[in-house]
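A.B. asks: Sequence:
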Amino acid sequence: MKRHQQVHFIFEEIALFIMKGHFKYHHFIWLLFFVINSTVS
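Residue numbers (this note's numbering): 1238 to 1278.
Just so you know, the hints here were simulated from the structure itself, not pulled from any lab data.
Watch out, some of these pointers could steer you wrong.
[To be verified] In silico lysine to any residue, SDA-like type, Cα no more than 25 angstroms apart, as pairs:
(1) K1239 - L1253
(2) K1239 - E1250
(3) K1239 - S1278
(4) K1257 - F1271
(5) K1239 - F1270
(6) K1257 - T1276
(7) K1239 - F1254
(8) K1239 - F1265
(9) K1239 - E1249
(10) K1239 - V1277
(11) K1257 - L1268
(12) K1257 - V1272
(13) K1239 - S1275
(14) K1257 - L1269
(15) K1257 - Q1243
(16) K1257 - I1247
(17) K1239 - N1274
(18) K1257 - V1244
(19) K1239 - L1268
(20) K1239 - L1269
(21) K1257 - Q1242
(22) K1257 - H1245
(23) K1239 - F1271
(24) K1257 - S1278
(25) K1239 - V1272
(26) K1239 - T1276
I would like the entire structure built from these sequences, with the hints used as guidance.
C.D. replies: Here is the structure:
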C-alpha cells in the first residue's frame, strides 16, 4: 500500500466515525495511530 493511499484510508475511517457520531471516542486513538505511523516510517 502506497503512503498516500494509507493516509487516505485513515482519513476515510475518521470520516466514518464522525458520521456515526463516534468521533469523540475514537479521534484520540486515530490521531495517536497516525502520529506513531508517521514517526516510525
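A.B. asks: Hey, K1257 versus T1276, does the alpha-carbon distance stay inside 25 angstroms?
C.D. replies: It is violated: about 29 angstroms lies between the C-alpha atoms, which goes past 25 angstroms.
A.B. asks: Measure nothing beyond the straight line between the CA atoms of K1239 and E1250; if it is 25 angstroms or shorter, mark the hint as holding.
C.D. replies: It holds: about 17 angstroms lies between the C-alpha atoms, which stays within 25 angstroms.
A.B. asks: Check the hint pairing K1239 with N1274 against an upper bound of 25 angstroms on the C-alpha distance.
C.D. replies: holds, 13 angstroms
A.B. asks: Does the alpha-carbon distance linking K1239 and L1268 stay inside the 25 angstroms limit?
C.D. replies: holds, 19 angstroms
A.B. asks: If you draw a straight line from the CA of K1239 to the CA of T1276, is it 25 angstroms or shorter?
C.D. replies: Holds - the C-alpha atoms of T1276 and K1239 are around 16 angstroms apart, at most 25 angstroms.
A.B. asks: Starting from K1239, check that the Cα of V1277 is at most 25 angstroms away, please.
C.D. replies: Holds, at about 15 angstroms.
A.B. asks: Taken at face value, is the distance from the CA of Q1243 to the CA of K1257 at most 25 angstroms?
C.D. replies: The given pair, whose Cα atoms are some 21 angstroms apart, holds under the 25 angstroms limit.
A.B. asks: For the pair supplied as a hint, K1257 and L1269, confirm whether the alpha-carbon distance does not exceed 25 angstroms.
C.D. replies: Cα-Cα ~20 angstroms, so holds.
A.B. asks: For the pair we were handed, K1257 and V1244, check the Cα-Cα distance against 25 angstroms.
C.D. replies: holds, 20 angstroms
A.B. asks: Keeping to a limit of 25 angstroms between CA atoms, is the pair of K1239 and S1275 held or broken?
C.D. replies: holds, 13 angstroms
A.B. asks: Verify the proposed pairing of K1257 with V1272, using a straight-line Cα cut of 25 angstroms.
C.D. replies: It holds: about 23 angstroms lies between the C-alpha atoms, which stays within 25 angstroms.
A.B. asks: Is the Cα-Cα distance between K1239 and V1272 25 angstroms or less?
C.D. replies: This hinted pair holds, its Cα atoms lying about 17 angstroms apart.
Hint check: violations occur at hints 6, 24; the rest are consistent with the structure.
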